[in-house]
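Student: Since the structure of chain U is provided, determine the placement of chain F on it from the hints.
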Amino acid sequence: MIVAILCGSPHSPYARDILRELNVRGVRNVHVVAHSRSGAPRTIMSVLATHGFAFPLVILRWIVSRLGLIFKLRSQGSSASAGTLESDVQAQGGRLVALPDVNGEQCQKILSDLGVDLMILGGAPIMKAPVLRVPKMGTVNAHQGALPRYRGMNVIEWALVERQPPTITVHFVDPGVDTGDIIRMERIPVVVGDSLQTVRDRSSALQGQLLAETVVAALNGQLPRQTQAKADGKQFYAMHPFLKAVAEEHLQDYIRRISPA
Amino acid sequence: MSNVELQHSRGRDFRQSVKSVLPPSILTIARAIANGVQQRLYIPSQFNVWLLDKRNQQASQLDPGSSRDRYIEALLDWLARAQDAVPGGGVSGYYTFASGWSAAYPETTGYVITTLLEASRRLNKNEWATRARQMIEWEITVQLPDGSWQSGFVDQAPVPAVFNTGQVIDGLVAGYASFSESRYLDAAVKGARWLIAQQDSDGAWRRHVYQNNPNCYSARVAWPMLMLAQATGDGDIRASAVRYLEWASMCQDDTAWFANCSLEPGEPALTHTIGYTIEGFLESGLLLKDDRWIDVAQRAADVLLHKFEVRKHLAGTYGKGWKPDHSFACLTGCAQVSRVWGRLYEMTRDLRYLNAAVKLNDYVLSQVSLDSTSPGIRGGVTGSKPIWGTYMTYRLPNWAPKFTLDALFQEEVALALFRRDLQ
Chain U
1 MIVAILCGSP HSPYARDILR ELNVRGVRNV HVVAHSRSGA PRTIMSVLAT HGFAFPLVIL
61 RWIVSRLGLI FKLRSQGSSA SAGTLESDVQ AQGGRLVALP DVNGEQCQKI LSDLGVDLMI
121 LGGAPIMKAP VLRVPKMGTV NAHQGALPRY RGMNVIEWAL VERQPPTITV HFVDPGVDTG
181 DIIRMERIPV VVGDSLQTVR DRSSALQGQL LAETVVAALN GQLPRQTQAK ADGKQFYAMH
241 PFLKAVAEEH LQDYIRRISP A
Chain F
1 MSNVELQHSR GRDFRQSVKS VLPPSILTIA RAIANGVQQR LYIPSQFNVW LLDKRNQQAS
61 QLDPGSSRDR YIEALLDWLA RAQDAVPGGG VSGYYTFASG WSAAYPETTG YVITTLLEAS
121 RRLNKNEWAT RARQMIEWEI TVQLPDGSWQ SGFVDQAPVP AVFNTGQVID GLVAGYASFS
181 ESRYLDAAVK GARWLIAQQD SDGAWRRHVY QNNPNCYSAR VAWPMLMLAQ ATGDGDIRAS
241 AVRYLEWASM CQDDTAWFAN CSLEPGEPAL THTIGYTIEG FLESGLLLKD DRWIDVAQRA
301 ADVLLHKFEV RKHLAGTYGK GWKPDHSFAC LTGCAQVSRV WGRLYEMTRD LRYLNAAVKL
361 NDYVLSQVSL DSTSPGIRGG VTGSKPIWGT YMTYRLPNWA PKFTLDALFQ EEVALALFRR
421 DLQ
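Chains as they are written, first to last, in this note's numbering: chain U, 1 to 261; chain F, 1 to 423.
Chain U extracted, bound-state conformation (with noise of 0.2 Å):
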């Protein structure tokens, strides 16, 4: 079976976690088609004609995004394993290939020569369906949130907003914003100590473990599929500063509970 990783990004870490534990459980020969975007303007001119006077300002808050970037992506290598995402799926005996538009023809073309069978989300944005048909399979994704009551973003935060524990489920992709049929879904692990992002950066870690679970799930043979309604989940949206610090409260109230005295 031909495993692909789609992800938002040629350095992402999350895929890169994705692949390693998929490594670990010996999934190996997995490519990785990411979302690769210069951002950079395209020429003096159009940024001059768009922002008038005002283009060095443009230039240099480009200049220093970058910069930002730069410095982000190091510290992050730095602070993970060593090496690059190409360098991991090149030492497993995948592809590498970034792309301007993963939800473009090309991209389905390229999964198809690839021969994918089953793709996996790892942070790719809203996918549509030409690039969804393509893996015999289908595509698989966890989201951070218990669906279909939480779907959309922010969900760990709307959930604790609502008193209800902190569950990642992993489940098929359609067209629509976590839609598709569910797989599984499993509880992120919540300890004394913990804050809203170190639930997030432990759901993260998590989601990879359940993804490559699941594609090894698919291996020995068919996935379940609960299929859900539109109408059983809302969509949330990204939550605002004074929701989260509710959320956050709540999370403490949790961790009280079920804390042993």
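Check each hint, because a few of them may be wrong.
Calculated cross-link-like contacts (lysine-lysine; reagent style DSS-like; alpha-carbon spacing at most 25 Å) [stated by the list, open to error]: (1) F/K54 / F/K320; (2) F/K307 / U/K244; (3) U/K230 / U/K128; (4) F/K312 / U/K230; (5) U/K234 / F/K54; (6) F/K54 / U/K128; (7) F/K323 / U/K234; (8) F/K312 / U/K244; (9) F/K289 / F/K307; (10) U/K136 / U/K109; (11) U/K128 / F/K307; (12) F/K312 / U/K234; (13) F/K307 / F/K320.
A short list of chain F residues far from chain U (calculated; beta carbon distances all over 12 Å) [claimed, not checked]: (14) I43; (15) A98; (16) G152; (17) Q230; (18) K289; (19) D290; (20) H306; (21) A356; (22) L370; (23) R419.
Okay, the calculated beta carbon distance ranges per label pair [as the list claims (entries may be wrong)]: (24) F/L263 / U/P130: 38 to 44 Å; (25) U/R163 / F/R207: 51 to 57 Å; (26) U/A231 / F/R419: 38 to 44 Å; (27) F/M250 / U/I63: 51 to 57 Å; (28) U/W62 / F/R206: 33 to 39 Å; (29) U/A129 / F/S25: 44 to 50 Å; (30) U/A231 / F/K320: 24 to 30 Å.
No lab work stands behind these hints, which were simulated from the structure alone.
Every residue, glycine too, gets a C-beta built ideally from N, C-alpha and C.
Tutor: Only chain F this time, still in chain U's reference frame:
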């Protein structure tokens, strides 16, 4: 060819010859300088607004609850200055960069009354009630003999207008509730009788509306009529409002989009007029306890919520099929939509409404200057963000702080409910 036409033709020839000689970049710069002079951007406080918009200042995250009070005070002070800028007790329509305060505007003075009375109650400050009373007395003096109120500014030739009359009724009904003065109710009823007389049998208003085109944003006329019907027990006024709602609801299509919602027929609709429509239907539905109208409002409000959250920006206009124009934001419309979401939270306790309402209020407030030296800018809200956007270009209309205050008052209500529900 007349002399005037000849002169125009010579002028055109001259401009064309200049255009052919000068490179386009020089012409662009010359046009920008001329515009800057016209808008008096050489005044530092006005230049500062332009500069901040040019730098695309991002909305700051404001802590709801703690910092809102300063903004509420500043917005109210701006309205007070707008009232003091014109004689008689009405409120100046807007502050323009080019020429300062405009004449008083009967339509929007009408609904500013409602906001000031609410402010007086919430802040326990009589000053705002006193000012509102002055506005009501002024509105009564400018009521036309047939019972209507005019379109445009009070210094323009009076032309009766349906929408404007509805907004003054809004203020008069609020005034009657606060002061129990029967004159206020009498004037409002006279206005409503005129509205009924202008209505066609299918419920639409086609006379005394802009370009004689019926519109669905007069849902915000139906709402004050229903408030008046409630205050007087007048069945005719109530029936007229319902008849209109029935007609206007047919303007909504399967995507929740409203036809006939723009100021100019066939053009995309400002979020301002979309806000009027949604607010009108929602409040009418609540007054009538009729889910049909609430559903019309909620469907459109939900579309806007999704669009706002995905794009993190509410477009200045939306066309058919909700096609957006993100080149500017209509801040008045933002405030109106935020208030609607706050009301929907109050009704449904769906936190997504409160979340979006607070974010949108943050955005609007981040455009309000608390320390500008210009009395027309400090505490005011621009029509467009950026200031050169197509709605109320280089102007700060009085209805923008009014709707921002309404949104902030609604946010207070919603947050209080949220905190109560948490316990």
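Student: For this structure, which hints from the list above don't hold up?
Tutor: 1, 5, 6, 9, 20, 21, 23, 26, 28
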